[in-house]
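Trainee: Read off the chains here:
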Amino acid sequence: MIDTLTERAEDIYYSVLEMKSPDARRSFLDRACGGDAVLRSMVEKLLASQSDAEKFFQEGGVARLPVGQLSQSVADTLGLAENVEAQAREDEAIGKIVGHYKLLQRIGEGGCGIVYMAEQEKPVRRRVALKIIKLGMDTKGVVARFEAERQALALMDHPNIARVLDAGATESGRPFFVMELVRGVKITEYCDQNELDTRQRLRLFILVCQAIQHAHQKGIIHRDIKPSNILVTIIDGQPVPKVIDFGIAKAIEGRLTDNTIFTAYEQFIGTPAYMSPEQAVMSGVDVDTRSDIYSLGVLLYELLAGRPPFETRELMESGIDGLRRTLQEREPQRPSAMVTTMQGSALTLLARSRHADPLKLISLLRGDLDWIVIRALEKDRARRYETANGLAMDVQRFLDNEPVVARPPSRYYRLQKLVRRNKVTFIAGAIVALAMIGGLGMATWFWHQEREERKRAVVAEHMAMAAEQQQARLRMEAEDGEFIAKAAFLISQNRIIEADDLAGKVSATKPSLEAESVLRTLGKWHALNGHWTQAAMRFGLLLHADQMDDSWAITDDLLMAGPILIERGDMQGYEQFRRAAIAHYTGTTDPIFGERTLKISLLSPADAQMMKSLEPLSEVAASSLEKPGSNPVMESWRCISLGIMAYRQGNHPAARTWCQKCLSYSEYNPVRIATAHIIQAMACYRLGEVEKAISELEAGRKPVESEFARGLEEGNGSAGFWYDWLFARILLREAEALIEKSPSVEK
Amino acid sequence: MSDITLVLEAINRGESQASEKLLPLVYNELRNLASARMLHESAGHTLQPTALVHEAWLRLAGDGKQNWKGRAYFFAAAAEAMRRILVEHARRKTRLKHGGGQQRLNVEDLQLAETPPDEKILLVEDALEQLERSNPERARVVVMKFFAGMTNKEVADMLDIGERSVDRHWVCAKAWLFQKLQDAQ
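If you read the protein sequences in the order shown, they are chains A and B. Residue numbering for the first sequence follows our numbering, beginning at 1 and increasing consecutively. Residue numbering for the second sequence follows our numbering, beginning at 1001 and increasing consecutively.
Here chain A stands alone, though its shape is the one from the complex:
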């Protein structure tokens, strides 16, 4: 524990720091420490280390770390077996011999490996690129897979393909690959730096397609086509693209079948932005040449529009499942549309790097180029270009102003896509459609089925009467389900009024989450617009539907429903409602349920029997306040519940104490504070403190009146929810009636 001496020393230290001049400090120290030598030496010691301490704890925390290291630590701490040691060792690798190769210089680093320039001694002396795979992999498997494809790789001979020469294992047991050394920059960079216009870019792209076509003919799929794997070098003054890393993705893909999320995440071979939908599924086996076509489509997209259809960052944000979903379901924006949505300055920059003005660029992309790209990017690979050559030829046709093969999709085809994008909405939509087309809706058909079953059961029990009632109920439920499904669909389209018309036909819905959400949305909507009768009806059905949900959602709904009944003037309904709520929560040990039940039930005075039944709930709520470490926001609201409880019990001093406690919390919440003032006003009045009562009432009234004058909004946890404001207003009316209409107060 901190002793008082230390505490005094710290007080003095803290004050001294605020004084600038040494004289002022000294005289303050003399005065503050008096003759206490021990105290003085403690303070002096703190002061002595002050500037070093400041330096040590630079404001803002820890020093900067390389992104790679930081990312890796985040990953590591989360249990990923990443290999920091190996990386650190590799940095010192220059000059070492790996296999027959001497590492000369580090020339690059990618997602999965570090690339060195190296020198080969035998059989010929030449410079090569040597890539050491960074991730911990089963090296034997990698090398074996590479060996298996080595024959095929050796058959590749194309000016736009960098040859893969060798593979092996480093001393530390990691796989490496040796390739023809290509000195160049990645294709996207080359194009931008040299401000290639769209036609020049397309010509370069055609060369890339032809290289890929060559590989495909030899039976080799690249699997990792992306800008950093296509380097442009200048030969005889002409830009020549070179595709690198052939065969590597295949060799290291063994781990792809490992389907724990984390390893999958780390083992992504392709950059997510360039990954085909079928690769994203990671079934591993079923990837063919058409996956490369997709990646070529992404490359073309980026060359034209300056960014891939889905950014890696965007894809990673939603986690692995979101990534798969996006790649498999979300249709990419057409390049021309993508460019159109760009910000002014970005668009200008994009156009400039393509030697065009923005509007010309957009109109150049619109139409044929859009369709070519979209065709290459089809989710269903059967709809893509069948070969890289096919894609290249279509681009060539465009350059030659001939009609392209890719066409805008037909209407039927677009409908299909729409269905794929919005499966859920479409199921709801389909139900609506079927119901309309068939006359007898889906739901009615289900009812039919269920009735048949029931009938058999009922007949067996000879209960014809009951069966009839049962039938009527089933039919009603089926119809209600149908209304709800349609309403949900309409709400999703933001067609609230139409949805509400439908929901108005619902008589007694079966418990379901869908029904809940529909009725809650509509109930709230009515309440915010002051339609109390409709709001009460929706909430009435909602509470019936709530049986599917957990207690949390139910108390939320109850908190909303109580004030609505009172605002509607349905005191009898409120009476039944609160009895049901109390019965439901009696026996709970959760302070939150206790507190909420008080709040739900005490909007108006209650009889002695009801007050008695609320006592245990009140105790549960109060007991939690004695425990340390609970949340102040929650506690402050709990005081409100306990305050109104005490007031209704006639324990006015206690009510006032709770309100004061509530007002002592520093969390600002206008509605909570107003409510505390209002309850306190009533308590003070009962205690005979009329003046105080009037001033408290005023303090509570102002915020409530201005909130409603502004128009009630849904609100939030810190500004107050709409039903909190209703709660406050109901109590305000009670307080006004009590205080201002009494003879002792002159208005």
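Mixed in with the good hints, there may be bad ones.
The calculated label-pair distances, taken between Cβ atoms and stated as ranges, are [said to hold, decoys possible]: (1) Ser695/A / Thr1151/B: 30 to 40 Å; (2) Asp1160/B / Asp357/A: 51 to 61 Å; (3) Arg1091/B / Gly35/A: 46 to 56 Å; (4) Gln660/A / Ser1165/B: 20 to 30 Å.
It is worth saying that the hints were derived from the structure and are not from the lab. Please read these numbers as outputs of a predicted model, since none were measured by experiment. Idealized CB from N, CA, C, for every residue including glycine.
Since the structure of chain A is already known, use the hints to place chain B on it.
Mentor: Frame of chain A, contents of chain B only:
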């Protein structure tokens, strides 16, 4: 809506259990962000850990639904997450440097203020564990200031104490921790 947003809303509603759910979600958020960055930037590019936390927050708060309360809770959780991440990182790095064993740091010949960041983190962590026992509130201030770079206002909101108390805690903690480190020599 993200899970974090939901949890923050639950906290705002005053649901006590909600804050426990926050930490794992924050970890997840930081991980996604860090991985995305790893793919985008070269490994040598430096980044302040606190910047990562702030970036994560900006993305969450982008929808404008979060208030200061959510912010405070988020930052407190992020501070704990960052602490663990950075301490783990530093442990691994120093273990490597000292040849594998769980060696104690040698602080003798070091000018403390010039300690490399990794070792600094470990030294602070050691002293912090002591502080957690003797003065838990102050320890929390240190975690939020040192590991997450929160402002005094943010810490004050989080701990529900005045800004001046936060400042006093932090000023005194720095001197106190530094002395502990010196004494350890």
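Trainee: The structure should be examined with respect to each hint, and the outcome stated for every one.
Mentor: Results of checking the hints against the structure:
Under the hint 30 to 40 Å, the C-beta atoms of Ser695/A and Thr1151/B, about 37 Å apart, fit the expected range. A C-beta distance of roughly 57 Å is found between Asp1160/B and Asp357/A, which places it inside the suggested range of 51 to 61 Å. Distance hint check: the CB atoms of Arg1091/B and Gly35/A are about 47 Å apart, consistent with the given range 46 to 56 Å. The hinted window of 20 to 30 Å between Gln660/A and Ser1165/B holds, with their beta carbons roughly 23 Å apart.
The structure agrees with every numbered hint stated previously.
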